[in-house]
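**Q** Chains as they are written, first to last, in my numbering: chain Z, 1 to 121; chain G, 1001 to 1121.
No lab work stands behind these hints, which were simulated from the structure alone. A quick note: this is a predicted structure, and the numbers were derived from the prediction, not measured. Don't take each hint at face value.
The following residues of chain G were derived to be distant from chain Z, with all beta-carbon distances above 10 Å [what the hints assert, rightly or not]:
| # | residue |
| --- | --- |
| 1 | Thr-1012 |
| 2 | Asp-1024 |
| 3 | Val-1088 |
| 4 | Phe-1090 |
| 5 | Gly-1110 |
Think about it this way: if two alpha-carbon atoms lie no more than 20 Å apart in a straight line, the pair counts; the simulated PhoX-like pairs of lysine-lysine are [claimed, not checked]:
| # | chain 1 | residue 1 | chain 2 | residue 2 |
| --- | --- | --- | --- | --- |
| 6 | G | Lys-1085 | Z | Lys-4 |
| 7 | G | Lys-1111 | G | Lys-1018 |
| 8 | Z | Lys-91 | Z | Lys-55 |
| 9 | G | Lys-1018 | G | Lys-1053 |
| 10 | Z | Lys-55 | Z | Lys-85 |
| 11 | Z | Lys-85 | G | Lys-1018 |
Glycine residues also receive a C-beta, built at the ideal position from the N, C-alpha and C atoms.
Protein chains: 2
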Amino acid sequence: MTTKEVADKLVTLCSAAKFDEAMDSLYSPSIVSMEAGAPPGPSRESKGLAAVKAKAQWWTTNHEVHSATVEGPLVAGSHFAVTFKLDVTFKPQSKRFTMEEVAVYKVVDGKVVYEEFFYNM
Amino acid sequence: MTTKEVADKLVTLCSAAKFDEAMDSLYSPSIVSMEAGAPPGPSRESKGLAAVKAKAQWWTTNHEVHSATVEGPLVAGSHFAVTFKLDVTFKPQSKRFTMEEVAVYKVVDGKVVYEEFFYNM
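Turn these sequences into a full structure, and let the hints guide you.
**A** See below:
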């Protein structure tokens, strides 16, 4: 798949909150994921599909998603950008908030090999 | 200015190749600029408006721009993303090539305080 095809599929899946399916079908086994800031414990960087899926698992376990809006993609060469706007409740504190972030992805051989998120902590 | 207003103005100015005006009017004195990879000599990171303008000066001196296309912005909270597609000639080698990159910006108090570029070296 081209960068544009990977980007369009990721947007389609994430818009439907199918985050696991997006990772399983589009991510390289050697994916590197970089957060703007680390949750308590782990570092900013997660390496490998198992680690990235574990991070996602932590997130989905601890957040209830009321709505998810994905805009984009903007595609340039091997990279693309999208935005996520999530209305969520952080379950441990029953705290509802809106999360807005820019995500940048790098594609090699039809698979996402790098993702980085930009948001305020 | 809101993030969206800063983003729209940056796209307008850069689409007209008014890169200096974009920096002068939209960038914070404490701007930090991060390249995907460093040109020979400097590091990936440039700190402060003078350093960032010096980097831009190096670039404009060494490249002839045949066309510039800017797409976006995608805006999320304090951040926004655009893409640049530049048809340029690297003058020292008379080498013409197309450069495609994703750029992410962070806005605080109506000024760009951080920019990062994603492209293949």
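**Q** Mind checking the alpha carbons of Lys-55(Z) and Lys-85(Z) for me, to see if they're no more than 20 Å apart?
**A** Holds: Lys-55(Z) and Lys-85(Z) sit about 19 Å apart, inside 20 Å.
**Q** Holds or violated: are the alpha carbons of Lys-1018(G) and Lys-1053(G) at most 20 Å from each other?
**A** Answer holds: Lys-1018(G) to Lys-1053(G) is near 13 Å, not above 20 Å.
**Q** Quickly compare the C-alpha distance for Lys-1111(G) and Lys-1018(G) to 20 Å and report which way the hint goes.
**A** holds (17 Å)
**Q** Starting from Lys-91(Z), check that the Cα of Lys-55(Z) is at most 20 Å away, please.
**A** holds (16 Å)
**Q** Say whether it holds or is violated: Gly-1110(G) keeps its Cβ farther than 10 Å from all Cβ of chain Z.
**A** holds (15 Å)
**Q** Between Lys-85(Z) and Lys-1018(G), does the CA-CA distance stay at or below 20 Å?
**A** With Cα atoms ~31 Å apart, Lys-85(Z) and Lys-1018(G) exceed 20 Å; violated.
**Q** Since Asp-1024(G) was said not to touch the interface, does its Cβ keep a gap of more than 10 Å from each Cβ of chain Z?
**A** Its Cβ never comes within 10 Å of chain Z, the nearest being 24 Å, so this holds.
**Q** Confirm or reject: Val-1088(G) is not an interface residue toward chain Z, with every Cβ-Cβ distance exceeding 10 Å.
**A** Since the minimum Cβ distance to chain Z is about 14 Å, Val-1088(G) lies beyond 10 Å and the statement holds.
**Q** Please confirm whether Phe-1090(G) is truly not at the interface, meaning its C-beta sits more than 10 Å away from all C-beta atoms of chain Z.
**A** The claim stands: Phe-1090(G) keeps its Cβ more than 10 Å from every Cβ of chain Z (closest is about 17 Å).
**Q** Is it the case that Thr-1012(G) keeps its Cβ farther than 10 Å from each residue Cβ in chain Z?
**A** Thr-1012(G) clear of chain Z: closest Cβ-Cβ about 16 Å, beyond 10 Å.
**Q** Check whether the Cα positions of Lys-1085(G) and Lys-4(Z) lie no farther apart than 20 Å.
**A** Given pair Lys-1085(G), Lys-4(Z) holds - Cα atoms ~15 Å apart, limit 20 Å.
In the structure shown, a violation is registered for the earlier hint numbered 11 alone.
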